[in-house]
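**Q** Read off the chains here:
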Amino acid sequence: MNGHYASLLHALLPEASLVLGALLVLGFDLFSGRRNSASARLSASVIIGLLAIAAAAYHACDAGVGGNAFKGVLVLDSLGLMTRLGALGLAALTLAMAPGVVRLRHPAEYVAVVLFATTGFTLMAVVQQLLVAFLAIELASLSLYILAGFDKHRPESAEAGLKYFLFGGISAAFLLFGFSLIYGLTGSIEFTEIARQLQVTQGNTLLVVALVMILVAFGFKAAAAPFHLWAPDVYQGAPASSAALIASASKLAGFTLFVRLFWAGFGPVAGGTGLTTLPGWIPAFVIVAVVSLVLGNIAALAQTSVRRILAYSAIGHAGALLLGVLVAGRFGPASLYFYAATYGLATVGAFGVIAVVERAGRCDDLGDLAGLYRRSPLLALCLLVFVLSLAGIPPLAGFFGKFLVFSQALKLSGLAGTAGWVALLAIAMSAVALYYYMLILKQAIVVAPRPAAESAIKVPTPAAAVLVLTATLLVLLGVFPSLVLQLIH
Amino acid sequence: MSLSPLQLCLLFSSALFCVGLIGALSRSNTILVLLGIELMLNAANINFIAFWRFGPAPAAGTGVVFVLFSIAVAAAEAAVGLALVIAVYRHQKNIRLQEANRLKG
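Chains A and B supply the protein sequences, listed in that same order.
Just so we're aligned: the first sequence equals residues 1 to 489 in the numbering used here.
Just so we're aligned: the second sequence equals residues 1 to 105 in the numbering used here.
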């Protein structure tokens, strides 16, 4: 038994370092915070937080790919390792761009809650048991609700936090109810044992109810239509760095758990991708993906707020990511991971640019970006890279994410299956998406600055470093996608 | 038609879940929405206990442990929820959801 706990500790050292880091941040601020200014407190907290994330990344690599740990509750495979590193990296980027950009009255608490959320993400990356999965999702979600409502001065932030919480709470109840039915049907909460039981039991109504409830809950978390209602409000109202974390790292970790739960756990009841579909969860998936792709991309056309455009584009991307989950069953999760990670990078960068512009004035309306190239060439150049990557223009990383997912979906069963048609729809919708992405770039690069706001924007050094690093990564991964792809088997 | 205890429990929990969902979706007072969410979570807890009690292997205790954890999560969720309700109350001086409509488009 002792051996089990030693292996558990070894597998969970990344989470332990993150929690320890969060406590250190709070403790350090408690003892030394009173004497310092708010910006010094934020810088100190961010440095401790980054050290904790670095320690977590080291321990994640150290735990390596050792297969099942703690009697199969956790699985340390290449997908888990890469998701952990990806979530840690995205969280580090959102933290590092905060100093000098985000105004907070409680900087240490903010960093601590970000670290708690990251703990949830890294746990979601490796779990393969319902109880720990539920706890990891809830740890991450509860932290994100707090982060969304963190800016107490702005009523929009509180409202965004409340709306996110109410939708998230309902989806958590759906998730728990679905899990309880799965437990009742299979008598187990381990993914592998659930799969073994589902192979022998015949499909029945309870199973359908359970699958639908779990799909609804994950649809909420991933902001897939028709469960997307919270996303635009939260992206618009939350502080920019919180919105960046909600849009990037939580998506990456969520979709990894999604793949594990649905393929490792519910694989036997997947159903087929053929046009004459077998009953299973794949047809339901396809419907949600189609609705997300269409609704997200069409509704984004009508938006005037930059953040809401990003939110609706996130709904569209959620549809494409669901397609990635479908192909993960046959071709492995590498393409899904690549799509989610590069999408996360581009979103973090875009919200970083928004945060810096907001610091200098406001950045709600599209027109607030007008003349960005004259006010700050660096910001305009970075925004160009991020938005083009979101749109999927080669040679940026976003293009290869889309290319891999869509080509695999077409290979799945060609046009004889639903997946191929959804891939064609997704390609068509990418063309629609290009229009509203170009609207953002037109304001930033072509239009002259407004007379009221044409002063130059000063980019703080940490934020500039983060933006340049993110843009470089997007170009690098676009040119050499195999750097990441070969690491996931 | 006679129902087994497990079926009765499942009927009860499903009814509770539906009541909670309807409450959460139809109420305009935020606290009552929170109550609805709590009802839904507790319906799932009843499921776990029923499946554990009447299931094939009650000795394992998985269901009970799951419920203990989910009660703790529900408590944390209520704490976060009430904190956000207070944050909204500070700005709009009431907790009606219809008036939380600054964000739209």
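In case anyone wonders, no lab produced these hints; they're calculated from the structure.
Hints should not be assumed to be uniformly reliable.
Said to hold, decoys possible - Computed far set for chain B versus chain A, every beta-carbon distance over 12 Å: (1) S2; (2) L21; (3) V80.
Claimed, not checked - Here are the simulated lysine-lysine pairs, DSS-like style, with alpha carbons at most 27 Å apart: (4) B:K104 to A:K442; (5) A:K458 to A:K442; (6) B:K93 to A:K152.
We put the CB at the ideal spot given by N, CA and C, even for glycine.
**Q** Take the hints in turn and mark each one as holding or not.
**A** Verification of the hints:
| no. | hint | verdict |
| --- | --- | --- |
| 1 | S2 | holds, 20 Å |
| 2 | L21 | violated, 7 Å |
| 3 | V80 | violated, 5 Å |
| 4 | B:K104 to A:K442 | holds, 24 Å |
| 5 | A:K458 to A:K442 | holds, 22 Å |
| 6 | B:K93 to A:K152 | holds, 14 Å |
The structure is inconsistent with the numbered hints 2, 3, although it conforms to all the rest.
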